[in-house]
Each structure stands twice: as C-alpha cells, then as structure tokens.
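Novice: One-letter residues, chain by chain:
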Amino acid sequence: MAISAPGIVSRAKPGQFLHIKCGEALAPFLRRPVSIHRIDREQGLVFLLFQVKGAGTSWLASRQPGDALDMLGPLGNGFRTPETNSSLLLVAGGIGIAPLVFLAEHAAGNGSRVKVLIGARNQDHLLLLDKLEEAGATVRAATEDGSFGLQGTAIDLLTQALQEEGADMICACGPRGMLVKTASLAEERQIPCYVSLEEYMACGVGACRGCVTKVLAGDGSITYLNVCSDGPVFAAGEVAW
Amino acid sequence: MAISAPGIVSRAKPGQFLHIKCGEALAPFLRRPVSIHRIDREQGLVFLLFQVKGAGTSWLASRQPGDALDMLGPLGNGFRTPETNSSLLLVAGGIGIAPLVFLAEHAAGNGSRVKVLIGARNQDHLLLLDKLEEAGATVRAATEDGSFGLQGTAIDLLTQALQEEGADMICACGPRGMLVKTASLAEERQIPCYVSLEEYMACGVGACRGCVTKVLAGDGSITYLNVCSDGPVFAAGEVAW
Amino acid sequence: MRPDLAVEIAGISMKNPVMDASGTFGFGTEYRPLMDISRLGALVTKSVTLEPVHGNPPPRIWETAGGMLNSIGLQNPGLKSFLANKLPLLQSFNLPVIVNIAGKKVEEYVQLAAAMEQAPGVAGLEVNISCPNVKEGGIAFGADPSSAEAVTKAVRAACSLPVIVKLSPNVTDITVIARAVAEAGASAISLINTLTGMAIDHEKRRPILGNVSGGLSGPAVKPVALYQVWRVCQAVRIPVIGMGGIMNAGDAIQFMLAGASAVAVGAANFVQPGVMLEIIDGIEDYLVRHRIPRVGQLVGALEIS
Amino acid sequence: MRPDLAVEIAGISMKNPVMDASGTFGFGTEYRPLMDISRLGALVTKSVTLEPVHGNPPPRIWETAGGMLNSIGLQNPGLKSFLANKLPLLQSFNLPVIVNIAGKKVEEYVQLAAAMEQAPGVAGLEVNISCPNVKEGGIAFGADPSSAEAVTKAVRAACSLPVIVKLSPNVTDITVIARAVAEAGASAISLINTLTGMAIDHEKRRPILGNVSGGLSGPAVKPVALYQVWRVCQAVRIPVIGMGGIMNAGDAIQFMLAGASAVAVGAANFVQPGVMLEIIDGIEDYLVRHRIPRVGQLVGALEIS
Ligand SMILES: Cc1cc2nc3c(=O)[nH]c(=O)nc-3n(C[C@H](O)[C@H](O)[C@H](O)COP(=O)(O)OP(=O)(O)OC[C@H]3O[C@@H](n4cnc5c(N)ncnc54)[C@H](O)[C@@H]3O)c2cc1C
Ligand SMILES: Cc1cc2nc3c(=O)[nH]c(=O)nc-3n(C[C@H](O)[C@H](O)[C@H](O)COP(=O)(O)OP(=O)(O)OC[C@H]3O[C@@H](n4cnc5c(N)ncnc54)[C@H](O)[C@@H]3O)c2cc1C
Ligand SMILES: Cc1cc2nc3c(=O)[nH]c(=O)nc-3n(C[C@H](O)[C@H](O)[C@H](O)COP(=O)(O)O)c2cc1C
Ligand SMILES: Cc1cc2nc3c(=O)[nH]c(=O)nc-3n(C[C@H](O)[C@H](O)[C@H](O)COP(=O)(O)O)c2cc1C
Ligand code: FES
Ligand code: FES
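Residue numbers (this note's numbering), protein chains in the order written: chain A, 351 to 591; chain B, 351 to 591; chain C, 4 to 308; chain D, 4 to 308.
Bear in mind the hints are in silico, worked out from the structure with no lab data behind them. A couple of the hints might just be wrong.
Here are the simulated lysine-lysine pairs, DSSO-like style, with alpha carbons at most 30 Å apart [said to hold, decoys possible]:
no., chain 1, residue 1, chain 2, residue 2
1, D, Lys-107, D, Lys-156
2, A, Lys-564, A, Lys-531
3, C, Lys-207, B, Lys-371
4, D, Lys-108, A, Lys-531
5, B, Lys-564, C, Lys-108
6, A, Lys-564, D, Lys-83
7, B, Lys-564, B, Lys-371
8, C, Lys-18, B, Lys-564
9, C, Lys-207, D, Lys-83
10, B, Lys-371, B, Lys-531
11, C, Lys-83, C, Lys-108
12, A, Lys-403, A, Lys-481
13, B, Lys-564, C, Lys-83
14, A, Lys-564, D, Lys-18
15, A, Lys-371, A, Lys-564
16, A, Lys-371, A, Lys-531
17, B, Lys-531, C, Lys-207
18, C, Lys-207, B, Lys-403
19, B, Lys-403, B, Lys-371
20, C, Lys-107, C, Lys-83
21, D, Lys-207, D, Lys-156
22, B, Lys-371, A, Lys-403
23, A, Lys-564, A, Lys-363
24, A, Lys-564, D, Lys-156
25, A, Lys-564, D, Lys-107
26, B, Lys-403, B, Lys-481
27, A, Lys-371, B, Lys-403
28, B, Lys-371, A, Lys-371
29, B, Lys-531, B, Lys-564
30, C, Lys-18, D, Lys-83
31, D, Lys-207, A, Lys-371
32, A, Lys-481, A, Lys-564
33, A, Lys-403, A, Lys-371
34, A, Lys-403, D, Lys-207
35, B, Lys-564, C, Lys-207
For each label pair, taking beta carbons as the anchor points, the in silico distance ranges come out as [stated by the list, open to error]:
no., chain 1, residue 1, chain 2, residue 2, range
36, B, Thr-431, C, Ser-41, 26 to 36 Å
37, C, Arg-35, B, Phe-397, 26 to 36 Å
38, B, Gly-496, C, Arg-208, 56 to 66 Å
39, B, Phe-397, C, Asp-39, 23 to 33 Å
40, C, Asp-39, D, Asp-204, 29 to 39 Å
Note that the Cβ used here is the ideal one computed from N, Cα and C, for glycine as well.
Sequences are here, hints too, so could you generate the full structure?
Specialist: Here it is as structure tokens:
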C-alpha cells in the first residue's frame, strides 16, 4: 500500500512506524502500529506492508485509491544507521520483513554490503525478493515447507551465513522466538545486534506506558522501557528475553 | 434503495418495517428500524426510503449495488387494510411519507380513493409526488417555506381536505406533534384514524419491551404496548399522547 | 466423536451450557419464528413479579458505545397471567424452564417461589436481586450481603426448586455477596446483571431515558463481567452462570474458562436472533479443534502463571 | 461576544474546563510535538509515588468493545526524579499543574503532599485512591469510606494545596465515599477512575494482561461515569471533575450538565492526539449556538421532569 505523506517521508528513518486510525467510528478503538516498509523520497510516498490479522488490518486492507488515512508518525527510534562500508545481516521472519526493506535500501544506498535472510512459511509468504535485489542487497530465503530456497527457518540461514562470513551488525524483525535465537547467535560471535519488538500499544508516543518490554539496566537491575518511544528497536543484549 | 428480498416481499404489508443490521462490526450496536417504503412483487424487490441521521443510516446510505444486507422482517402489525372503494386520507410529515407510499399503492390498487397530504420543510424534501400520482393517488403538498404547493404544513392540508370532502379513514406518519393534531382533527369528525409511531428499539420482535408507547386500555387504565410488535400502527384514539 | 456439551447446574440437566439472559428473550415465544428454541440448554424467562408491572416511561432503550442502556422496569404481566398464559407455551419447547422472579419485599419472593413450586414444568428459579430499574426492591437486595442472604434463605425455605441467585455487579466486592448467598443456601449464582448508567441529550439538556438511569449491557461490559465471574468462581463452590456481553462462542468460552459452568446471552439476541445457536455450534467446534471431549473440562481451566 | 470558558476549581483558575486524565498524558512532554498543550485548562500528571515504580509485567494494554483495559501499575520515576526532571518541564507550559499522587500507606500520601507543597509551580493535588492495578494501597483506600476519609484528612493536614480526591467507580454507593472525603476536607472530587475488568485469550486459555486484571476506560464506560458523576454532584457541594469515556465536546458537555465543573479526557488522547483542543473549541461553539455566556452555566443544568 502506497500513501502520499511528504511530511512523514521527509523525517522517516528505517525501523520507525506509523500509528494508524483504522475504521471511521469507535471500532476498532485504538490505533494500529505499522512499520514504514519503504519510502519514495521524490514522490513523497510511504509504503506499508502488512498482514491482515483482525479488524484493524482488514479495514486498512480495504482502503481504496484516493482514500485518506489518519496516521501519526514517524514514531519510534528506528535502527541505528550502519557505518558506511560495513557488512550487514538482516534477519526477517514472516511479516518482519516489512521494516527491513527500508533498512536494506537505506544501508545499501549508504555503501554497506547488505545480506537479507528471509524465513517464511511457504513460497506465498516470501515477499519482495526482487525489490531487495534491485536495491543491491543479497537475498537468501528459507521456507518451512521447502517450496522455495532452503527448507528451514531464518535462523538456519543465519547460522549458515555466520559460518560463511560474519558481519559487522545484525538487525532482526520477526517472531519473538526468532529474535531470541538471533540475539544468542550474535552474542556468541560478539556481533552488535538490534531487534525490532512488538507490543500492544495505546498512545504510541510514550505517554501511557502501555507498550513496555522488560530490559536489563546497566547495573543489572530490571526495568521496563516503552516499545513505542524507547524502541521499537533495542540492542539485543539489553532485552530481558 | 432497492433490495432483492423475495421472502420479505411475499409477506409484506403496508406499515410494516424491517430491522436492519448497520455496520459490519459492533458499531452501531443495535439494528435500525426502517419502514417498507414500496415493494415490487414481481421482481421480489423491497424499497427503502430513509433520511441519513446518524451512524446507522449513513452506513446504510453508503451501501453499493450488490452488497448484502442483514434484515429482519417484515415486522410489526402494519396498517389495517382499507375497505374496497373507501376514501382514504394519508397524512405525511417529512420522511413519514416512507411507509405511506406502500399503503397508497396498495389501497389504490384495491379500488380505494387515496389522497396523500405531504408536508415538508422545502421543495427538496418533497418526495415522490410522481410515484404517488402514477399509482392513482391524488397528491397535495405543503412546504414550510412555500417553495412548492401550499405554504404551511400537512395539518393545514388536512384541515382543508376535511372541509372539502371528509374521508372514511385517515392514516398518518410523521413527527409526534403532527400525529397529535391529526388525531384530534379525526376525532372531531369521528373518522377512524391510524398513526404509525416511532420509538427506540432493541429486539424489534416484542421480546425486550424496550420500545413501548403509552396507551389507554379499554377500561381507561394506562398501560404500555410495544411499538415493534403491537404497532407500529395504532388506532389514534388508543394512544395516550 | 462429537464432544459432550451437556452440563448440570444445581440439578438442572441441560444438553448444552447456553441459555438466554432474563429479559432479553421475553417469554420464549417472541423469537419462535426466527430460530429453533428447543436447541437451547435452558430457557430463562423475563422477571415475573407478584402483581402486573407496567414498567418505566419511555424511552427505555439507548444505544451506547459497544452496548446499550435499558430501563424497562420489569414490565411483566404478573404471576397469575404468567401461570395462565405464558408457562404453558414455555413448556412446549421441551427445555428446562428457569423462571426469573423479582419482588419488592422478601415476602413477595416467597410467594412467587411457592407458586412456581406448584406450577408444572418449572425446572428452577432465578432470583433477581439486582434490577437497577425499579425503585423498591431489585438492586437494593443485591447490594447488601445481609439482605441478599435474607432473600436467598426465604426463597430456599419456600420451595424445593433449584435456586439460582442473580447478582448485581454494582458492588464494592462481589465475593462478599456471593459468599452470603451461597451460605444462605443458593444452589447456583448467575451474574452479571446490568451496570447502572445514564445517558444525556446535551442538545435538549435532558436525560435520554424516561427513568433517567438504566442498566448497561452488551460487549462494553464484558471485561467487567469476566472479572466478576472469575472472582466469584474462586470465592464459592456452587456453580455459576456467567453473562455480560457475550456475542459469540469465543466470549462464551472465556466465561467458562473463568469458571462459569454455563452462560447466558442477553443483548446479543437483539443484534442477531439465533446467535445462541451459533454459540452452541461454536463451542462444539472449539472442543473438536482442541480435542476436548467434554465441555465441563473448560470450566475454570484458565491458566494463570 | 465570545463566551467565557473560564472555571475555578477549588481555587485553581483555569481558562477552560478541559484537562487530561491522569496517566493518559504522561508528564506533558510526550504530546508536545503533536499539539499546543498551553491551551488546556490544566495539566494533570501521571500518578507520582514516593519511590520509583516499575509497574506490571506486559501485556498492559488490551482493546475492548468501545474501550480498553490497562494494567500499567503506576509505573513512574518516583518523587525525587519527578521533582528534578519532570516538574521543571511541566512549568514551561504556563498552565496550572495538578500533580496526581498515589501511595501504599497514608504516610506516603502525606510525604508526597508535603513535598509538593514545597515544590514550585504545583497548583493542586489529585489524590489517587482508586487505582485498580496495584496490590497495596490504590483502590483499597477508595473502596472504604473510612480509609478514604483517613487519606483525605492526612493529605489535607499535610499541605495547603487544593486537594482533589479521585474516586473509584467500583463501589456499591459512590455517594457514601464522596461524602466521606468531602467531610474530611477535600477541596474537590474527580471521578471516575477505571472499572476493574479482565480479558481472556480463549485459544491460549490464559489471561491477556500480564497482571490478569486491569482497568476499563473509554466510551464503553461513559454511561457508568455519567451516572456516578450525576449522583456525586447531588450528594456533595464541592466541585467535581468528571471523566470516563469523553471523546468529544458533546460528551464533555454531558458531564457538565450532570454537575461536573470541569472534565478530564483520558483514552481519547490515544485515539486522537489533540482531541482536547477540539473539545475546548466544541464547547465554545455550543455556548455560542445556545447563547450561553458562561460555561459555568452548564454545570448541573440537566433538566429532569
Ligand atoms: C512497532 C510495530 C510495527 C509493526 N509493523 C507491522 C507491519 O509493518 N506489518 C504488519 O503486518 N504488522 C505490523 N505490526 C503488527 C500490527 O500492529 C498488528 O498486526 C495489528 O495491530 C493487528 O491489528 P488487527 O486489528 O488487525 O488485529 P487484532 O488482533 O484484532 O488486534 C487486537 C489488538 O491487538 C493489537 N495487536 C495485535 N497484534 C499485535 C502485534 N503483533 N503488535 C502490536 N499490537 C498488536 C492491535 O493493535 C489491537 O489493539 C507492527 C507492530 C508494532 C508494535
Ligand atoms: C417503525 C419505524 C419505522 C421507521 N421507518 C423509517 C423510514 O422508513 N425512513 C427513515 O428515514 N426513518 C425511519 N425510521 C426512523 C429510523 O429508525 C431512525 O432514523 C434511525 O434508527 C436512526 O439511526 P441512526 O443510526 O442513523 O441515527 P442515530 O440518531 O445515531 O441513532 C441512535 C439510536 O437512536 C435510534 N433512533 C434514532 N432516531 C430514531 C427514530 N426516529 N425512531 C426509532 N429509533 C431511532 C437508533 O435506532 C439508534 O438506536 C423508522 C423508525 C421506526 C421506529
Ligand atoms: C432489555 C433488557 C431487559 C432485561 N430484563 C431483565 C430482567 O427482567 N430480569 C433480570 O434478571 N435481568 C434482566 N436483564 C439483564 C440481563 O439478563 C443480563 O444480566 C444483562 O443484560 C447482561 O447480559 P448481556 O450483556 O448479554 O445483555 C435485562 C437486560 C436487558 C438488556
Ligand atoms: C493507560 C492509562 C493509565 C492511567 N493511569 C492513571 C494513573 O496513573 N492515575 C490515575 O489516577 N488514573 C489513571 N488512569 C485513569 C484515568 O485517569 C481515567 O480516570 C480513566 O481512564 C477514565 O477516563 P477515560 O475513559 O477518558 O480514559 C489511567 C488510565 C489509562 C487508560
Ligand atoms: S503505547 Fe503508550 S507508551 Fe507506548
Ligand atoms: S424493540 Fe423489543 S419489544 Fe419492541
């Protein structure tokens, strides 16, 4: 889905999200967080990629060309910009690919070597291979049923990739289980790793403290940070999984 | 709005209504009662005529050809069928014309002489004069601003009509104030008079007792009857205004 | 193998755990043209009082966000007419009939209970001590543990029918009331009745309901209902019938997981007549999908870590 | 002539009757990029406690029909950090700042009150005796008239700031609590805090919130809130700040007609940041349209026949 939103585009960073009012009246009540999937700076377009899950996303999916959308954003911290010429591994599970495409395009444009590892249930869920390669990224895919690429998961791809070559930075988005494994593989090899988390959200701007995730403070104590405003991207080592 | 509903059409009587689920999810919560405006027996079509007032009717107005509608009905008692060859005065205030068109067509088809008196705010609110005349009814109109017909109200038309000729039966639908006056004019002249009432409704089928109107029982005591199942049409003399 | 949906509440055997919530299904006959009523687990009547009650002045209904207010005021034809005109028809459904009774004084509950005991085909009583829409009695009995206890004891003594006491959610601690009625001999508890609320027309600067205040029900109150059912189920050992905002099978299962042995469906009937049958089917599907042989295994199966 | 929107609550002068509901607007700064905060009548902080509070485990938020559950658990940086890091920024808005305080013991409320009295730029206190999401204190104080009275008396004695006591709707008779705090010296009352509720994931057979139960707010609770505000306004003479499900100017006016002198907006901020400014404008439009010169004339102007 492409939306004209020059104001958002001009400020958008990879890993940030939009908080979208779905439905005309009170149902659904709360906004829905959706990552910025890609942007087109020249045309002032922001792209979304989302899975229809419930009332909010199915309303969103039924928008017609020309409809207006009420979106807050860009929100959140976004991924740390990789240093130029560094080598980057992006690990995507399912719809977790959404924000990583923006990051891949951004980093590749910055001169980084970007390899994207995508795990999906089957071929139908494998999205955007072409777009990523166009942007200059290398892509490896795995499907659970083996219908495309490796039969296995994004974690299998990551294990393989790390054996082959290593990386300066790993960024991941996907199911929590995948993030946990990514974090531990990265830690084993001491590679800086960033993960994008999800939590139910109300305000989206850090006011309500509804979207917290448990983190380890520097002194080892445990505290809660907002996924919406302190995240959604966290250093993997900081998260109390 | 025309809806294909052969099951409803085959049982529909003038004055009955449909109870319509508006909106896909929980908002709006309750169904909306809308009169059967006309039917086309051959094609199995039921027609609705409604004013957009709030969430329910605006959702209804935005339906597209081919959409499905969840409708209960026909519900309610409907108007008493006039005797053949009787003379009938129908008094409509604003959108109150909706059920009276079905009645006019039905009664005219039955050989009755039907005169329809329509009061509206202005010309734009004057609906369906042609359709009524086509059906064989005589039509008199009044607008508050004088932009069409008499400058005045449906009650002015009724007063005039009663002076000119009298009637065997009066049926009215419209704002409560208009119904009260119609009832008292009818009573003065001892003409049987039936009014169609409105009340907020929940079930629409007589189960919840939410839609009651105050009536005078035969013994002079006051009680509450359901507009949905005992009405919406009541003998004017029965209603405790 | 099809899962077993049957439940027994206070000696009343039901072929499934789904019934209507009192007052939303009239005396059964109103919905007959629209659905196969005999498929229900039980049928609960509108509240019956000793004398006929005219109820509150209209408007009595108002739609709210995710729910509705009502201020019917227990309009019903009274005991005599109920026995003569309504009960015979109810029996034709071939279902356990639970008669909901309401009174202004303990003595009225007693008379009603005694009369129902004599009447043919009454499977049990639901004692409404929680109606927010009447001036005397009603909620007053349900708001105070000692009067709740008094009504329950008196009804218990007046008949040998199963006595289900229906509680009001408008209290500080519902477990106190629940324990009081359990100790007073209630066979089961049902909850929640409506939450007291009001609506205002700001353009006219007047209350919308003729009775000023009314009772809130529908999905808007489901979180409150689930919480109170869960708390009551932990506080007492008698079976609980859960209700408040149930719109579909998922909602019904949530109440059972919270501890309810059966569920009642209210406002949803207005939105979708026949929804109770879909709920029965949906519960069965869920049991099949989760390979659970008996619906009773859901009761209180909520896992709290 | 433009109507006069100014109100005075317990000595706090506000240029209009609209403020945020505690906990839905953080400490003010979070919404600064999205709206002109200085247009509000007053700013109410998230609850501040003596020591930092981490709050409840996630999930803490769940959407419900017409509203939401939250189980934040009073997460806040504690008094010291509040005074050092939050209060100075709050002052920059040039608004009356009302600090919401919460404690586990009466003594904690007292210490908080005394500290706020010393702090520069605190216009008044809102005393939260109604949080359903903490194990100790919170709602326990608001559920019982004598403990509500004790907290109020102690805070009243500990400082000379206006003391607004925030009540819980989860009680049998809110007028009893309202009278108790009024007699104990409260300058004003605010209500409602959230209704206790819960949500269950029936597929996983687990509670959805990490804390199991949470507080319900949003339009779903508006009928309950309006009713309780109306009742409290008839029971006490001190001013009332009304809240619970206010989404637009019409809702706000309904609360004022029911007797509230000012209103607070909670969950609506999440749905539409800036909604409070639209509410202020909408109230002004309403007054113009109805030719009412002062907003105060709406207070309690509900006509009941
Ligand atoms: C920062 C962030 C970025 C996201 N980006 C994307 C994206 O680019 N593409 C995409 O398909 N999905 C994304 N999600 C998940 C997306 O927000 C949910 O799928 C969506 O909110 C579901 O709403 P619904 O009404 O369709 O489903 P329902 O299940 O009906 O939603 C019910 C409630 O749960 C919340 N909820 C449900 N699932 C999630 C979830 N995974 N995360 C947060 N809240 C949830 C909803 O917001 C709503 O409040 C993102 C989530 C977060 C937190
Ligand atoms: C028997 C009957 C037949 C009707 N026939 C027609 C018709 O043919 N054409 C037409 O335009 N209107 C008709 N109405 C009125 C129509 O039902 C309302 O205009 C409609 O319900 C408004 O819904 P809303 O969501 O658009 O407005 P809202 O004002 O948002 O509705 C809020 C609530 O009030 C109820 N409500 C509001 N106005 C009325 C009303 N006048 N009568 C009953 N409930 C109301 C709604 O059903 C809803 O529950 C009829 C009403 C009744 C009782
Ligand atoms: C229109 C209406 C009438 C009701 N009448 C009664 C009644 O007579 N006796 C009673 O015990 N409860 C009555 N109730 C309460 C319901 O039985 C039920 O407890 C409540 O509505 C919550 O369920 P729901 O959210 O599914 O509607 C009534 C509810 C509604 C909506
Ligand atoms: C996310 C959230 C956090 C809240 N935190 C507090 C709090 O810290 N202190 C407090 O007194 N009330 C708190 N409340 C209650 C609100 O101030 C308000 O009383 C309630 O939400 C009803 O208003 P609403 O329906 O407009 O949200 C909180 C409410 C929400 C939704
Ligand atoms: S959603 Fe409110 S703090 Fe993150
Ligand atoms: S709407 Fe239920 S009885 Fe008429």
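Novice: Does each hint hold? Answer for all of them.
Specialist: Consistency of the hints with the structure:
no.: 1; hint: Lys-107(D) to Lys-156(D); in the structure: holds (16 Å)
no.: 2; hint: Lys-564(A) to Lys-531(A); in the structure: holds (17 Å)
no.: 3; hint: Lys-207(C) to Lys-371(B); in the structure: holds (28 Å)
no.: 4; hint: Lys-108(D) to Lys-531(A); in the structure: violated (44 Å)
no.: 5; hint: Lys-564(B) to Lys-108(C); in the structure: holds (27 Å)
no.: 6; hint: Lys-564(A) to Lys-83(D); in the structure: holds (23 Å)
no.: 7; hint: Lys-564(B) to Lys-371(B); in the structure: holds (27 Å)
no.: 8; hint: Lys-18(C) to Lys-564(B); in the structure: violated (41 Å)
no.: 9; hint: Lys-207(C) to Lys-83(D); in the structure: violated (49 Å)
no.: 10; hint: Lys-371(B) to Lys-531(B); in the structure: violated (33 Å)
no.: 11; hint: Lys-83(C) to Lys-108(C); in the structure: holds (18 Å)
no.: 12; hint: Lys-403(A) to Lys-481(A); in the structure: holds (24 Å)
no.: 13; hint: Lys-564(B) to Lys-83(C); in the structure: holds (23 Å)
no.: 14; hint: Lys-564(A) to Lys-18(D); in the structure: violated (41 Å)
no.: 15; hint: Lys-371(A) to Lys-564(A); in the structure: holds (27 Å)
no.: 16; hint: Lys-371(A) to Lys-531(A); in the structure: violated (33 Å)
no.: 17; hint: Lys-531(B) to Lys-207(C); in the structure: holds (23 Å)
no.: 18; hint: Lys-207(C) to Lys-403(B); in the structure: holds (17 Å)
no.: 19; hint: Lys-403(B) to Lys-371(B); in the structure: holds (15 Å)
no.: 20; hint: Lys-107(C) to Lys-83(C); in the structure: holds (17 Å)
no.: 21; hint: Lys-207(D) to Lys-156(D); in the structure: violated (47 Å)
no.: 22; hint: Lys-371(B) to Lys-403(A); in the structure: holds (24 Å)
no.: 23; hint: Lys-564(A) to Lys-363(A); in the structure: holds (24 Å)
no.: 24; hint: Lys-564(A) to Lys-156(D); in the structure: violated (38 Å)
no.: 25; hint: Lys-564(A) to Lys-107(D); in the structure: holds (24 Å)
no.: 26; hint: Lys-403(B) to Lys-481(B); in the structure: holds (24 Å)
no.: 27; hint: Lys-371(A) to Lys-403(B); in the structure: holds (24 Å)
no.: 28; hint: Lys-371(B) to Lys-371(A); in the structure: holds (24 Å)
no.: 29; hint: Lys-531(B) to Lys-564(B); in the structure: holds (17 Å)
no.: 30; hint: Lys-18(C) to Lys-83(D); in the structure: violated (62 Å)
no.: 31; hint: Lys-207(D) to Lys-371(A); in the structure: holds (28 Å)
no.: 32; hint: Lys-481(A) to Lys-564(A); in the structure: violated (35 Å)
no.: 33; hint: Lys-403(A) to Lys-371(A); in the structure: holds (15 Å)
no.: 34; hint: Lys-403(A) to Lys-207(D); in the structure: holds (17 Å)
no.: 35; hint: Lys-564(B) to Lys-207(C); in the structure: holds (22 Å)
no.: 36; hint: Thr-431(B) to Ser-41(C): 26 to 36 Å; in the structure: holds (35 Å)
no.: 37; hint: Arg-35(C) to Phe-397(B): 26 to 36 Å; in the structure: holds (29 Å)
no.: 38; hint: Gly-496(B) to Arg-208(C): 56 to 66 Å; in the structure: violated (33 Å)
no.: 39; hint: Phe-397(B) to Asp-39(C): 23 to 33 Å; in the structure: holds (31 Å)
no.: 40; hint: Asp-39(C) to Asp-204(D): 29 to 39 Å; in the structure: holds (31 Å)
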